[in-house]
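There are 2 protein chains.
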Amino acid sequence: MAVNLVAPKPEDLLRVKGVELGVAEAGVRKAGRKDLLVMRLADGASVAGVFTQNRFCAAPVILCRENLALGQAVRAMLVNTGNANAGTGEDGLARARRACTELAGLLGCERAQILPFSTGVIMEPLPVERIVAALPRALADCREDNWALAAEAIMTTDTVPKACSRQLSLGGKPVTVTGMAKGAGMIRPDMATMLAYVATDAAVDQAALQKMLASAAARSFNRITVDGDTSTNDSFMLIATGAAGTQTITDERHADYAALAETVAEVAEWLAQAIIRDGEGATKFITVQVEGGASEAECSKVAFAIAHSPLVKTAFFASDPNLGRLLCAIGYAGISDLDVNRVRLHLGGVSVAKDGGLDPAYREEDGQRVMKQSEITVRVELGRGSARTTVWTCDLSHDYVSINADYRS
Amino acid sequence: MAVNLVAPKPEDLLRVKGVELGVAEAGVRKAGRKDLLVMRLADGASVAGVFTQNRFCAAPVILCRENLALGQAVRAMLVNTGNANAGTGEDGLARARRACTELAGLLGCERAQILPFSTGVIMEPLPVERIVAALPRALADCREDNWALAAEAIMTTDTVPKACSRQLSLGGKPVTVTGMAKGAGMIRPDMATMLAYVATDAAVDQAALQKMLASAAARSFNRITVDGDTSTNDSFMLIATGAAGTQTITDERHADYAALAETVAEVAEWLAQAIIRDGEGATKFITVQVEGGASEAECSKVAFAIAHSPLVKTAFFASDPNLGRLLCAIGYAGISDLDVNRVRLHLGGVSVAKDGGLDPAYREEDGQRVMKQSEITVRVELGRGSARTTVWTCDLSHDYVSINADYRS
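So the protein lines, in turn, are chains V and Y.
By the working numbering, the letter at position 206 of the first sequence is numbered 221, and the numbering carries on one by one without gaps.
By the working numbering, the letter at position 295 of the second sequence is numbered 310, and the numbering carries on one by one without gaps.
Please note that a few of the clues may not be correct.
The list treats identical chains as one, so a pair stands whether inside a single copy or across any two.
Think about it this way: if two alpha-carbon atoms lie no more than 30 Å apart in a straight line, the pair counts; the simulated DSSO-like pairs of lysine-lysine are [said to hold, decoys possible]: (1) LYS226 <-> LYS32; (2) LYS387 <-> LYS188; (3) LYS188 <-> LYS316; (4) LYS45 <-> LYS369; (5) LYS32 <-> LYS49; (6) LYS387 <-> LYS45; (7) LYS45 <-> LYS316; (8) LYS188 <-> LYS32.
No lab work stands behind these hints: they were computed from the structure.
One chain only, chain V, in its complex shape (with noise of 0.2 Å):
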């Protein structure tokens, strides 16, 4: 029941020149379904990735640190749903580098050459011998217009396969930036989401890459959250392959960078919100809008004080416009001198609060003609500077509880 997201036609996911993508059913924990993907990686293309703040992070996501640290090329990435292979220590560790070992060996590299990802339960023994048994097949599936599936095989709770498609020109050539995420609970990342791959031919060199993967995950996966846990698998990776012909893009000068960091950034954003959309039982999509903060961090503090309350998650689940919920919520957002009397609420465009209380031409019937609705902002004026921010997040309902409680069954 994702809200207002559909899954993209395979046709609108254009190639990108120098990744192909093969998925399979290793059968890691439930038979009938694609659970395995291998994305190759075409010589000369650089990665950048950022990865969860999360200290139980999973013996994969220290397996892609270590190994982009080394600076070796990257020859491909392999991601499994069904077991997160997280909290899983040493012997973990030890699964994931078998499955690396196995996928060097079939593409004739080494093992620091390919990244290793997985999503789904935390601290169970990742079954890598299916994974490993399956790595063939993924190969012989492997191609470039294989996007569609390939979203649809890093799913786990997801209903909706996520992935889009940009094109841009970059010195009259014409460039593409298409991406794909998966994630609907555990969702509030911090530096990155549950598992974002975003791919581009234009040539950008690895330093420069990483500049702009950290600023797009600023502004789209940095800005989200379903239930405000961490996930201890978050990652979110840029590829850029070169295969474009274009310039190498080497630093935040280049004629090219903003052009492409914006385009790199409208897809993450993209992917980001249709996380929220999909999110675990969502049935509202919630824009927070904090503006008139003394700083940016301030704005964010309110911001997620709002999307993060299981009151005002609730009251948006029953379209009740049971505002004071969200007034509650930027009372206790830490902003230890705000004055309440200059802040103001907006639902929609309608004004709901000023003067530290309700607005008196605030009508009830306005406040519940937009809680209705599907998609929902509410829009936050401090009062205090001209710092802003955004952040995206859903409603709390039945079906999230049910599809937490049951998730392992």
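Starting from the known structure of chain V, fit chain Y onto it as the hints suggest.
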């Protein structure tokens, strides 16, 4: 459906000499229930209070702070349910003042000697005329042996009234401590909980009473969470009437201070736990013990990360030992140099995780057995030092969503 919590027997609630309680039906929001309480205090009673840190604190909280700062003897407390009088601006203050003025007139004292309290819906105007009209009936009902009805009159979404009594001996004289509290949702107190009143007939001056209150709050109401929402109206009041004829306790070094402080804290802890047992939709009572921390602050971070996690809470609701969610919450609690290989996790008496992953001796059926219990202790050893803390919370159930989706209807 409170967890192992039953309404106190009226005869178990011991009167506190110098405190009379009277209830009435003012019809603030719903007909047919007592929603107004007056607590009259005898001459010479000391009163201490701690209040919400929410910047959108309620009008009555503002007046309580003002009145206590004036230092005049408190003659009565006035509590209404059904309306929080929060997010109501200047008009809310005027309405709260009007109720206090009226009660002061009836008691022949000054308005500043009345402390008002409200709880209920936020950002709706307080129907103060109905309260004023009911005051004479509440006053006529005032008597010392009325704690049971008083505990019922302050309930909102609570399903069970919460009150208890303890006795001790100070200087050979019997002393009573009786307390009551309300609260079931919007519970993540920050310096106090929704509404709690503890009274003793011991003699304690205001400064010592305030210290006693603060330390009781620190180990009771500040260690619980239902949904992480810090209310606009949290107030925890401690009253000492001196009617028992004991020596006046003037500071922490007084011979009687420690014994009385311990009993007051025990009562506060019992009430705080009762709030969790009656948490909205609660089916499980969860104790989260974190030990081996470098500081109590970092133990608190971990304990509240676990206690706030919707994923952990839905797993408890489902009796599903999906314990990776606990590791995940520990990992994102904000201890940036946490060595996950030193963390140990226990569920009930069962060792779940060590060395960064599952304890090899752990068996799913052991976890399952503990998860089915109605009272569960999670114990985390951080392996960093000797600090520790305990937090109490409940699970997240379908009923939480139902209760909060339907709250105003």
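Results of checking the hints against the structure:
In the homo-oligomer, the alpha carbons of LYS226 and LYS32 lie at most 30 Å apart inside one protomer (22 Å), although the nearest pairing across protomers, at 69 Å, exceeds that limit. For the identical chains of this complex, LYS387 and LYS188 are neighbours neither inside a copy (46 Å) nor across copies (62 Å), given an alpha-carbon limit of 30 Å. Neither within a single protomer nor between protomers do LYS188 and LYS316 lie at most 30 Å apart by alpha-carbon distance, with minima of 42 Å and 51 Å respectively. For a Cα distance limit of 30 Å, the shortest separation of LYS45 from LYS369 across copies, 28 Å, qualifies, whereas the shortest one inside one copy, 53 Å, does not.
In this assembly of identical chains, the alpha carbons of LYS32 and LYS49 lie at most 30 Å apart only when taken from the same copy (24 Å versus 72 Å across copies). Proximity of LYS387 to LYS45 under the C-alpha cut-off of 30 Å is restricted to the inter-copy arrangement: shortest distance 26 Å between copies versus 37 Å within a copy. For the homomeric pair LYS45 and LYS316, neither the shortest alpha-carbon distance inside one copy (39 Å) nor that between copies (36 Å) is at most 30 Å. Proximity of LYS188 and LYS32 under a CA criterion of 30 Å is satisfied intra-copy only: 13 Å inside one chain copy versus 88 Å between copies.
Of the numbered hints given earlier, the model fails hints 2, 3 and 7; all others are met.
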